[in-house]
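Asker: Sequence:
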Amino acid sequence: MLIENEGGKQSVRLAALPLDKLPEGDVTVRVACSTLNYKDALAITGKSPVVRKFPMVPGIDFAGTVEESSSSEFKRGDKVVLNGWGVGEQHWGGLAEMARVKSDWLIPLEPAFSFAQAMSIGTAGYTAALCVMALERHGIKPGTGEVLVTGAAGGVGSIATALLAKRGYEVVAVTGRVEESDYLASLGARRVLPRSLFSEPGKPLAKEQWAGAVDVAGGQVLANVCASMKYRGVVAACGLAAGMSFPSTVAPFILRGVTLLGIDSVMCPREERREAWRRLARDLDLNRLDAMTEKVSLENCIP
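Okay, so the sequence shown: first residue is 1 according to this note's numbering, each after it adds one.
Careful: at least some of the hints might be erroneous.
Said to hold, decoys possible - The calculated label-pair distances, taken between Cβ atoms and stated as ranges, are:
{"#": "1", "residue 1": "E299", "residue 2": "P108", "range": "27 to 33 Å"}
{"#": "2", "residue 1": "V178", "residue 2": "M244", "range": "46 to 52 Å"}
{"#": "3", "residue 1": "G139", "residue 2": "T45", "range": "39 to 45 Å"}
{"#": "4", "residue 1": "D283", "residue 2": "G7", "range": "20 to 26 Å"}
{"#": "5", "residue 1": "E179", "residue 2": "D290", "range": "16 to 22 Å"}
Claimed, not checked - When the alpha-carbon atoms are kept at most 30 Å apart in a straight line, the in silico DSSO-like pairs for lysine-lysine are as follows:
{"#": "6", "residue 1": "K295", "residue 2": "K47"}
{"#": "7", "residue 1": "K102", "residue 2": "K141"}
{"#": "8", "residue 1": "K207", "residue 2": "K166"}
{"#": "9", "residue 1": "K47", "residue 2": "K102"}
{"#": "10", "residue 1": "K166", "residue 2": "K102"}
{"#": "11", "residue 1": "K39", "residue 2": "K207"}
{"#": "12", "residue 1": "K39", "residue 2": "K21"}
{"#": "13", "residue 1": "K21", "residue 2": "K47"}
{"#": "14", "residue 1": "K102", "residue 2": "K295"}
{"#": "15", "residue 1": "K39", "residue 2": "K166"}
These aren't lab readings, by the way, just hints derived from the structure by calculation. Note that beta-carbon positions come from the ideal geometry of N, C-alpha and C, so glycine has one too.
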C-alpha cells in the first residue's frame with residue numbers, strides 16, 4: 001500500500017514496486033502479517049498528520065521472515081517482529097509484501113506465536129503488556145486492590161484485561177460499549193462500568209477506589225481516574241482516545257501520592273520489548289485471540 005501526496009492532495013493505492021525502491025536498512029523482511037492500528041487508519045485517511053514524508057508505506061507493525069541481512073544479529077530465515085520505531089510514519093512500514101529496516105528495530109518472534117497470532121496482538125497487545133509490567137514495577141500486585149482498565153473493549157484494553165486477570169488481579173473494565181460486557185467478563189473482568197461515569201468534569205479528589213489503572217483514553221477520563229485512585233495508586237497512561245488534554249489538578253499526586261506513568265511503545269528499549277513479548281507468550285490465552293481478531297485484505301484497507 002502506497003500513500004502519496006501531490007499538491008496537498010493525498011491518495012492511497014496498491015502498487016508493485018521493485019525491491020531497489022525499498023528504503024535503507026540492513027535487514028530485508030518478507031512480511032507475513034501486519035496489523036491495522038488506529039495510527040495506520042489516521043495515516044491512510046489523512047485525518048491526522050501521521051505521515052511525515054511521502055511517498056509512504058503505512059503499517060507500524062509487521063511479522064515476517066528475514067530474506068536478506070547484513071547484520072550479525074539476524075540471518076536469512078529468522079522469524080522477526082517489529083513494532084513502532086517510526087515505521088509507517090517516517091520509514092516505509094508493514095502494509096506490504098516486503099520491508100527493509102534497521103536490525104536494531106527488530107526482535108525475534110516468540111516461538112509460542114505464529115505470525116498471525118503475533119499480529120493479532122500487535123502494538124496494542126505489546127503496549128498492554130508494557131502497562132502491566134509498569135504497574136508491577138511500581139508495586140501493584142494481585143491483592144493490592146482493584147485495577148481499572150479504560151477502553152477495555154478495544155485492542156489495548158482487551159489484552160490488558162486478559163493479562164491482568166491471568167495474573168490474578170481484580171479487573172474493573174470501563175467501556176463506552178456496555179453491550180460488550182459479556183465479552184469483557186470472558187476476558188476476566190470482575191465488573192464492567194460505563195465510560196459515562198468518567199467522562200464529565202469531577203472533583204479534584206474523589207472517593208478512593210483503584211489500586212492501579214491502565215488508561216487508553218486521556219482527557220477528562222484520565223483526570224477522573226487519577227482523582228479516584230487509592231493512596232499511592234499507580235496509573236499507566238498509554239493513549240489519547242478521549243483527547244490530548246489533561247484537565248486535572250496536582251491534588252491526587254501531592255495528597256495521595258498517586259503515580260502517573262507514561263507508557264511509550266514506539267521508542268521503547270529492545271530488552272523491554274522482548275520482555276513484553278515474553279510476558280505475552282506466558283500469560284495470554286491464545287484461544288481468546290480469535291474473538292479479538294478480524295482479518296482483512298489490503299484492498300479493504302483503502303478508503
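Asker: If a hint holds in the structure, say so; if it does not, say that too.
Answerer: Results for each hint:
With their beta carbons about 31 Å apart, E299 and P108 fall inside the hinted range of 27 to 33 Å. A hinted range of 46 to 52 Å is violated for the C-beta pair V178 and M244, which are about 26 Å apart. Checked against the given bound of 39 to 45 Å, the beta carbons of G139 and T45, roughly 41 Å apart, stay inside it. About 49 Å separates the C-beta atoms of D283 and G7, a value inconsistent with the hinted range of 20 to 26 Å.
Look at E179 against D290: about 19 Å separates their beta carbons, and that is inside 16 to 22 Å. Under the criterion of a C-alpha separation no larger than 30 Å, the hint pairing K295 with K47 is consistent with the structure, at around 23 Å. Between K102 and K141 the alpha-carbon distance is near 37 Å, which puts this suggested pair outside the 30 Å criterion. Restraint check for K207 and K166: satisfied, since their Cα atoms lie roughly 27 Å apart, inside the 30 Å limit.
In summary, the hint linking K47 to K102 is supported, as the alpha carbons are separated by about 28 Å, within the 30 Å threshold. Taken as a hint, the K166 and K102 pair is broken in the structure, with Cα atoms around 35 Å apart against an allowance of 30 Å. In summary, the hint linking K39 to K207 is not supported, as the alpha carbons are separated by about 35 Å, beyond the 30 Å threshold. A hinted pair counts as satisfied when its Cα atoms are at most 30 Å apart, and K39 with K21 qualifies at roughly 24 Å.
Proposed proximity of K21 and K47 is supported: the alpha carbons are some 27 Å apart, at most 30 Å. Between K102 and K295 the CA atoms are separated by roughly 28 Å; this keeps the pair inside 30 Å, and the hint holds. With a CA separation close to 28 Å, the supplied pair K39 and K166 stays within the 30 Å bound.
When each numbered hint is compared with the structure, violations occur for hints 2, 4, 7, 10, 11.
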